[in-house]
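Protein chains: 2
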Amino acid sequence: MPIQNHNVLAREGSARATEFTVPLDPWSSERLAKNDVMIQTPTFMPVGTQGTVKAVMTRDLKTMEAQIILGNTYHLYLRPGHERVERLGGLHRFMNWAGPILTDSGGFQVFSLADLNKVTDDGVWFQSHHDGSKHYLTPELSMQIQRALGSNFVMAFDECPPYPVEPQKLEQAMRRTVEWAKRGLAVELKPHQNRFGIIQGGLSVEHRLQSMADLTALPFDAFALGGFAIGEPMPLMHELLETVAPKMPENKPRYLMGVGRPEDLISAVSSGVDLFDCVLPTRNARNGQLFTSLGKVNIKNAVYAEDSGPLDPDCDCMACTQYSRAYLRHLFIAGEHLSAQLNSIHNLSFYLSLMRNMREAILENRFDEWKKNFYKKFKGK
Amino acid sequence: MPIQNHNVLAREGSARATEFTVPLDPWSSERLAKNDVMIQTPTFMPVGTQGTVKAVMTRDLKTMEAQIILGNTYHLYLRPGHERVERLGGLHRFMNWAGPILTDSGGFQVFSLADLNKVTDDGVWFQSHHDGSKHYLTPELSMQIQRALGSNFVMAFDECPPYPVEPQKLEQAMRRTVEWAKRGLAVELKPHQNRFGIIQGGLSVEHRLQSMADLTALPFDAFALGGFAIGEPMPLMHELLETVAPKMPENKPRYLMGVGRPEDLISAVSSGVDLFDCVLPTRNARNGQLFTSLGKVNIKNAVYAEDSGPLDPDCDCMACTQYSRAYLRHLFIAGEHLSAQLNSIHNLSFYLSLMRNMREAILENRFDEWKKNFYKKFKGK
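From first to last, the protein sequence lines are chains A and B. The letter at position 203 of the first sequence is residue 202 when you use numbering that gives the first Met the number 0, and the numbering goes up by one with no holes. The letter at position 156 of the second sequence is residue 155 when you use numbering that gives the first Met the number 0, and the numbering goes up by one with no holes.
Among the hints, erroneous ones may be present.
Pairs involving identical chains hold if they fit within one copy or between any two copies, as the list cannot separate such chains.
[Said to hold, decoys possible] When the alpha-carbon atoms are kept at most 30 Å apart in a straight line, the in silico DSSO-like pairs for lysine-lysine are as follows: (1) Lys375 with Lys168; (2) Lys299 with Lys53; (3) Lys299 with Lys61; (4) Lys33 with Lys378; (5) Lys295 with Lys53; (6) Lys53 with Lys371; (7) Lys299 with Lys133; (8) Lys251 with Lys61; (9) Lys299 with Lys378; (10) Lys168 with Lys61; (11) Lys117 with Lys181; (12) Lys189 with Lys376; (13) Lys33 with Lys181; (14) Lys53 with Lys33; (15) Lys375 with Lys251; (16) Lys295 with Lys61; (17) Lys299 with Lys251.
Calculated from the structure, these hints are not laboratory results.
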């Protein structure tokens, strides 16, 4: 079922504010008491790798107005198993999340997390990072897994080449990505599911545009840019995005996979990207690194030991309104569970609020001014 | 300020349902918009060792109607330091808990957790379990620490003898406990703070009654039974409680420290105890051992892998109403933070609901019948 009612509501330079509706799965619809849900972009999608956004409850994801969350096909296939999730009513019901879910294809994890045994044109042999057991993932199986999970957005199975990479390997990966995309499209999904094609092509504008031409010729509902944030210099990515992102189809969602820092989101939104995901806010939260309107805060720093002020005076999340920096530091030093909980709630709230602020600024044609004001306070690095 | 309006509302055998009011500290009062709070017993006090009940947010403690929570003097003295907590507005404000707090004296932890260097009639030299640093704890310092923390209930500093112990050592500990109690009483506390005396005496009825006579002659607001659940056979403890607990002052709260399993709480309530604390529900939760109306559930058991039913059909906590046993098992196996969060919420909800059910049964003079019905379903061990 295609993404519906896609509207570009406003533009400022290449940046855009859009909205679109998607049907939910039957269980989600029942919980939401309606059939469709509207997504407003730009937005950030919290990552729920193993059927939970780490340390965060779904009620808090609702409070921070998360619109879509991610599930990882590779992890859920290995544990608890996609067929088991399906028998238990699908991923929405399993994890008690009544909003949209996007699942990745498993490709990136197979290439980065697992022991890779063999990649052929047909598929990928890999070993589980849990127990070394051997598995074979193909474009068809990736679709079957995502169908069983019942996510709303299904990613094509792609080959993600490393950085740096020889031109020949890059072209092989691009060719496979298109072939695999076609094979995936031949697999029927559930009525509520939408499909993203993934554009590859490394840091070459030419290759990216070729991949885009190949993929957009296929009947995908939306498109993603894959293969970024894998070790390349970020300025090179942003330079490429400035050229490539605005050329993506106007009337379909644009998703930059696995990126990134607040400054990366701002630059990519400026280039016309709508959707983002990244483990950074949750992973850094667990390591005590917090994002605030004033820049990064390393909460274990002794300077916060008696700081009775809020983590971020501009944030209305639970961590900032109910606790002091001193308490957050104490929890981190003491290794308490509540540290990961509050820090993760804060970092995700910061990311989601950042995206909402950008959206509002674009809608009011003051995005450029908003960026300047943001960087007046926010110190990167 | 003494505990006020203490009422024994109902009795059944030695079991009793009571209520009493306590003044809160200024910050708590402000948050609760009143000066006094009523405690209804029997009740269980969740343990918040380091300024947080492990993995549980204060909003969830409110939802499960926790009336009093614990803080550990030993831990908070070492980290972040009681003077720091006081400068940050006291323990209530520090951890954002607007209800009553009980702090222990530090004695039990010094005798069980720390490297003990020397115990004299004057005080105890010990080494921190964090960094081996040397510290000297006295009855006076224990009061000063608890005064700085600002807890509502302050425990006397006692010597907790091990089990088994020679009669001479036991008598020495009893004597010291009385002397230390007197020295603690000489230290002024804050106006809202109440004091518990701690009765020692091991497993000897005679020694317990002697200790009770010595302690109840002193101006304490309430009394606790210390030195249990330290390795002795539980049936011996319950036998002793049957004789000793009913002889504790009628018009003051009775607290059995550090106990225990659901069946221990039921037996001790039957003997006339009002208040309990124990790390069991939260510690076991983190290990995947859950208490339900049907008995213990080890959630990692493969039998739950596709169990779509609730953990405990009789429980209305978030874990039981929003998730399946299969999901709770998955979270535990996957090592997700949410596992400790949901399991802890459940186990504490179970304990608090158990206490409320006992209270209601006593008030309605059907406690004996309630016990029989409870054990018809609940399988211990």
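(message) Let me make sure I understand: some of the numbered hints might not hold for this structure. Which ones are they, in numerical order?
(response) 1, 4, 6, 10, 12, 13, 15, 17
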